[in-house]
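Peer 1: Sequences listed follow chains A and B, in order.
Here full-length UniProt numbering is used: the first residue of the first sequence is 1, the next is one more, and so on.
Here full-length UniProt numbering is used: the first residue of the second sequence is 1, the next is one more, and so on.
These are computed hints drawn from the structure, not numbers from a lab.
The list makes no distinction among identical chains, and a pair is therefore deemed to hold if it is satisfied within one copy or across any two copies.
Computed cross-link-like contacts, EDC-like style, restricted to lysine to aspartate or glutamate with a CA-CA straight-line distance of at most 16 Å:
no., residue 1, residue 2
1, Lys244, Asp152
2, Lys244, Asp232
3, Lys189, Asp152
4, Lys172, Glu215
5, Lys72, Asp53
6, Lys143, Glu58
7, Lys24, Glu178
8, Lys32, Glu178
9, Lys226, Asp98
10, Lys226, Glu91
11, Lys234, Asp140
12, Lys143, Glu62
13, Lys189, Glu91
Computed from a predicted model, the values in this text were never measured in an experiment.
Protein chains: 2
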Amino acid sequence: MNETIEGILSHYSVREFTDQALTKAEIDLLVKSAQAASTSSFVQAYSIIGVSDMALRESLSEIAGNQPYIIKTGQFFVFVADLSRHHKIGEARGVATDSLSSMERLLVATIDATLAAQNMAIAAESMGLGICYIGGIRNDLAKVAELLRIPDYATPLFGLTVGHPTANSAPKPRLSSELVYHENQYQEKTMDDFIQYDNTIRDYYSARTGGNRVEGWTDQIERGLKHSTRLDLKSFLESKKLGKK
Amino acid sequence: MNETIEGILSHYSVREFTDQALTKAEIDLLVKSAQAASTSSFVQAYSIIGVSDMALRESLSEIAGNQPYIIKTGQFFVFVADLSRHHKIGEARGVATDSLSSMERLLVATIDATLAAQNMAIAAESMGLGICYIGGIRNDLAKVAELLRIPDYATPLFGLTVGHPTANSAPKPRLSSELVYHENQYQEKTMDDFIQYDNTIRDYYSARTGGNRVEGWTDQIERGLKHSTRLDLKSFLESKKLGKK
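Given only the sequences and the hints, what does the whole structure look like? Please build it.
Peer 2: Following this line, the structure appears as structure tokens:
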């Protein structure tokens, strides 16, 4: 197994960092790594906002549910699905741009932004830095878009906090590959197929919390269904002229 | 610069492979690498279909616009945004599952699937394999879903072809980082900001085609706007109970 795959398989999310800021050279290398990812038909339909301003970080942290690792970190990045450059080009050339509001284009921009983000995450970890994705900014995307001055035809998707970790941890066990990987055609699973994994996850949480948290994966998913949030996302995206048709 | 970042920065898409199939050990390692990626609130909302069946590959290639590198390759993977496991858990526990049809959940599953895919892509390249993402399967997702027996609450997103390349190539120049990376707040660009990059891309295509293709990036984007496709994606997703609200 090579160094790159070893790094990939050692991933865990980091939620406590020193306050050491990333250097400009580190940020440049991370952005360059992000940009090297594949992009659908070369559209490069994303932008990255690096948030170093502490007042902005505090506002974003509040939106995400008061996560301190958005403030105390090396750098906080926001990944943006961005078709606004394409809109500008269409306008300048007198070409119809209404297709930018299609679901296809929203997915293309979301996929482009995510490929870039994961490149950055892997690059950061290979440099000895820790990372955590922050979906919490979707608690109030309208506010995030206002704070970061995101134009129409673009939307923030998630944050990525990158910094110097204060401690080490270990990867969390994933679903067994038989539950995720299918040969040639999708094979539907039954609840029984999750029993073993539920036990694994129950043991994992129990060991990490001294027995305080005893919850299987299916329990966690059930809890998520009971407390579903961010149901205003569709109307926000439509206000940004995205995914409308 | 370490080996992992060197690999990331050397990426280019490969569109011609030998017919040497990936081994089971290689596929296992690629799937394990994919699964090691971050996942939103640990929902693991994706599946991967490995298509080795030649008749299926031929059908998928036809859908994608007759791309031979879907057929002649080491393995062809289809990445699926997959909330069907969550739906099954909700049903078994008697919990409402209508939130799975929200735009938030569609984005979460799309982001999860894409993070996993990019892990696989980087792992594959580190093993000396070549990769190419295949958005072309979105030309007819209903047909792809039928061929691969994708259930409700799930949708194919894109393919990833992985194999032994027949030749080497070199990375394609990206937008300059100033056009993609913003400090603290989004800075809108003007058409003038793209002039230099247009020249770079024009030279790149010209050099690779012996002067036959002379097109800047903005020209390419303009062409894409004129020939927008896949405008039926929203209704397909809704038929799979995804992104409806």
